[in-house]
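Asks: Please put together the full structure from these sequences, using the hints given.
Protein chains: 2
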Amino acid sequence: MSIKNTSPVRRRRRAPEEARREAVASARVLLLEGGPTAVTLAAVAQDIGVTHTNLIHHFGSAAGLQSALMGSMVEDLTRALDRAVARLRTDEGAPMELVNAVFDAFDAGGAGKLAAWIVMSGDLSHLDPVRAAVRGLVEAIQEKLGDIDPADAPQVRDAVLFIALSAFGDALIGPPLRGMLDQDADAGRRVVAGLLAQSLPRAAKG
Amino acid sequence: MSIKNTSPVRRRRRAPEEARREAVASARVLLLEGGPTAVTLAAVAQDIGVTHTNLIHHFGSAAGLQSALMGSMVEDLTRALDRAVARLRTDEGAPMELVNAVFDAFDAGGAGKLAAWIVMSGDLSHLDPVRAAVRGLVEAIQEKLGDIDPADAPQVRDAVLFIALSAFGDALIGPPLRGMLDQDADAGRRVVAGLLAQSLPRAAKG
DNA sequence: GCCATAACTGACATCAATGTCAATAAAAAA
DNA sequence: TTTTTTATTGACATTGATGTCAGTTATGGC
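One line per chain: the protein sequences are B and E, in this order. So my numbering is basically just the index in the first sequence, starting at one, shifted up by 18. So my numbering is basically just the index in the second sequence, starting at one, shifted up by 18.
Just so you know, the hints here were simulated from the structure itself, not pulled from any lab data. Honestly, I wouldn't trust all of these hints.
As the list claims (entries may be wrong) - Cβ-Cβ distance ranges computed for the label pairs, FRET-style:
1) E/Ala171 - B/Pro193: 21 to 29 Å
2) E/Thr69 - B/Ala80: 45 to 53 Å
3) B/Ala171 - E/Leu50: 45 to 53 Å
4) E/Pro194 - B/Thr69: 47 to 55 Å
5) B/Thr55 - E/Asp65: 20 to 28 Å
6) E/Arg153 - B/Ala171: 35 to 43 Å
7) B/Gly140 - E/Thr69: 22 to 30 Å
8) E/His70 - B/Asp100: 53 to 61 Å
9) B/Asp204 - E/Arg31: 54 to 62 Å
10) E/Ala81 - B/Ala169: 51 to 59 Å
11) B/His70 - E/Ala60: 22 to 30 Å
12) B/Pro147 - E/Glu157: 39 to 47 Å
13) E/Ala43 - B/Arg39: 41 to 49 Å
14) B/Ala60 - E/Ala171: 47 to 55 Å
Stated by the list, open to error - Some chain E residues judged to face chain B by a derived CB distance under 8 Å, without partners named:
15) Ala133
16) Val137
17) Asp176
18) Val178
19) Asp188
20) Met198
21) Val209
None of these values were measured; they are calculated from a predicted model. All C-beta atoms, glycine included, are put in the ideal place defined by N, C-alpha and C.
Replies: Shown next as structure tokens:
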């Protein structure tokens, strides 16, 4: 007679939001450590201790997981930019503060690298939330400058474009490029802040 | 009795260098059109009309093909930077010329996107040839400025750093970012050139 | 012309990633 | 408690990318 040794396997069961949160967090680490190809269902599943089928259940597909990852990191980038805006609106921060905030936004959690991945993958729709944050940055700077000559308004947009391009570039190739030029880690920020101080239109401070 | 219908299949046979050149050219197009995941042995093989086994024969492995692609595009980037240096040494070019040259170098043939791919893939050794080109750029600018105060030397390195960061950033996210700010296609170059004119140390022109 | 070299191919084998499906177990609802 | 819902799993199937191998054909050197 065969003994049915059906020892009931204990399972942990998390709320769907928690399950998704855990998976996205793991996927983010994998992306930054091993690049885009490292983000696979199997890798994430093993990392957080579930089966890859479980991930498909929660995200629908591998593309769904990647999409959720993009959304999460774009959200973080947007939040970081919004924080920079808020700080700009309250403080009397020098240009260096603004530059640091934007550089940090692109650097923290590999947001810059992720943005590059999104661009290279082709679907730019994930970047939509960034648009509002960038425009908020423009408005905040304009307000901070007080009443500026309307003719100087384009300069603010130029400044934001320049800071964003530099911060993005720094997040991706900053380390190797600074190595080529024997520059320290803060060189990018320092240079950009210096240029910004020269170029931003002066205005009557509040 | 079976008739051996061995109609001899006609094959074309190229010199190995030509075969490699064709494959790398195809791989580059695939990379820029479809992103890193689009560069597969099967895709390249079908594109140039050979079998994927043939590519393995010439490049040893898929990684070998990717490495050759990286080498090819880094070579192009280096050449473009060297051309910018040469132009800088002969002409009386305005800052805008220099900025255009560097922006073009990162833009042409998707060099910037490829550099991002290399960085995200993790093996930075492929970027080694760029180091010499970047340093050459610094020296060329210093010569062009003539005898500058030695105390101003760091400013040249700073200038190269922010031009390179901006050009690289522009090559990757320039289009979508400019879209967010309602800027035209030349905005990035214009802003950087303007800042450059302000920041470079003045010196007695030859 | 003849032969050695190597460019080239087709037919496999392998592995990883994705996805399907039925069954199971945990939690909520009744 | 009983029922329903659903998070979770294991056992498949499928597809694509990579790689191996033996054999075939083109080309240069003799």
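Asks: Does each hint hold? Answer for all of them.
Replies: Tested hints:
Between alanine 171 of chain E and proline 193 of chain B the CB atoms are about 22 Å apart, so this pair conforms to the stated range of 21 to 29 Å. A hinted range of 45 to 53 Å is violated for the C-beta pair threonine 69 of chain E and alanine 80 of chain B, which are about 29 Å apart. Distance hint check for alanine 171 of chain B and leucine 50 of chain E: the Cβ-Cβ separation is about 36 Å, which falls outside the suggested range of 45 to 53 Å. The given range of 47 to 55 Å is broken by proline 194 of chain E and threonine 69 of chain B, whose C-beta atoms sit roughly 37 Å from each other.
As the Cβ distance of threonine 55 of chain B to aspartate 65 of chain E is approximately 21 Å, the hint placing it in 20 to 28 Å holds. Checked against the hint of 35 to 43 Å, the pair arginine 153 of chain E and alanine 171 of chain B passes, with Cβ atoms roughly 39 Å apart. Distance hint for glycine 140 of chain B and threonine 69 of chain E: a CB-CB separation of about 28 Å, consistent with the stated range 22 to 30 Å. Between histidine 70 of chain E and aspartate 100 of chain B, the C-beta spacing of about 48 Å breaks the proposed range 53 to 61 Å.
One distance hint, 54 to 62 Å for the beta-carbon pair aspartate 204 of chain B and arginine 31 of chain E, holds here, with the actual separation near 56 Å. Judged by the Cβ atoms, the range 51 to 59 Å given for alanine 81 of chain E and alanine 169 of chain B holds: they are separated by roughly 55 Å. For histidine 70 of chain B paired with alanine 60 of chain E, a C-beta distance near 25 Å keeps the hint of 22 to 30 Å intact. Take proline 147 of chain B and glutamate 157 of chain E: their Cβ atoms lie about 43 Å apart, and the range 39 to 47 Å holds.
Separation of alanine 43 of chain E from arginine 39 of chain B is about 44 Å and conforms to the stated range, judged on CB atoms against 41 to 49 Å. At about 52 Å, the beta-carbon gap between alanine 60 of chain B and alanine 171 of chain E stays in the expected band of 47 to 55 Å. At about 6 Å, the closest approach between the beta carbon of alanine 133 of chain E and any beta carbon in chain B falls short of 8 Å, and the interface hint on this residue holds. Annotation: valine 137 of chain E was flagged as interfacial toward chain B, and the flag holds, the nearest CB pair being 6 Å apart, inside 8 Å.
Below 8 Å, beta-carbon pairs count as interface contacts, and aspartate 176 of chain E has one with chain B at about 5 Å; its hint therefore holds. Below 8 Å, beta-carbon pairs count as interface contacts, and valine 178 of chain E has one with chain B at about 6 Å; its hint therefore holds. Restraint check, aspartate 188 of chain E versus chain B: the minimum CB separation of about 6 Å is within 8 Å; hint holds. This hint holds: methionine 198 of chain E has a C-beta 5 Å from the nearest C-beta of chain B, less than the 8 Å allowed.
Against a cut-off of 8 Å between C-beta atoms, the interface hint on valine 209 of chain E holds, since the closest Cβ of chain B lies about 5 Å away.
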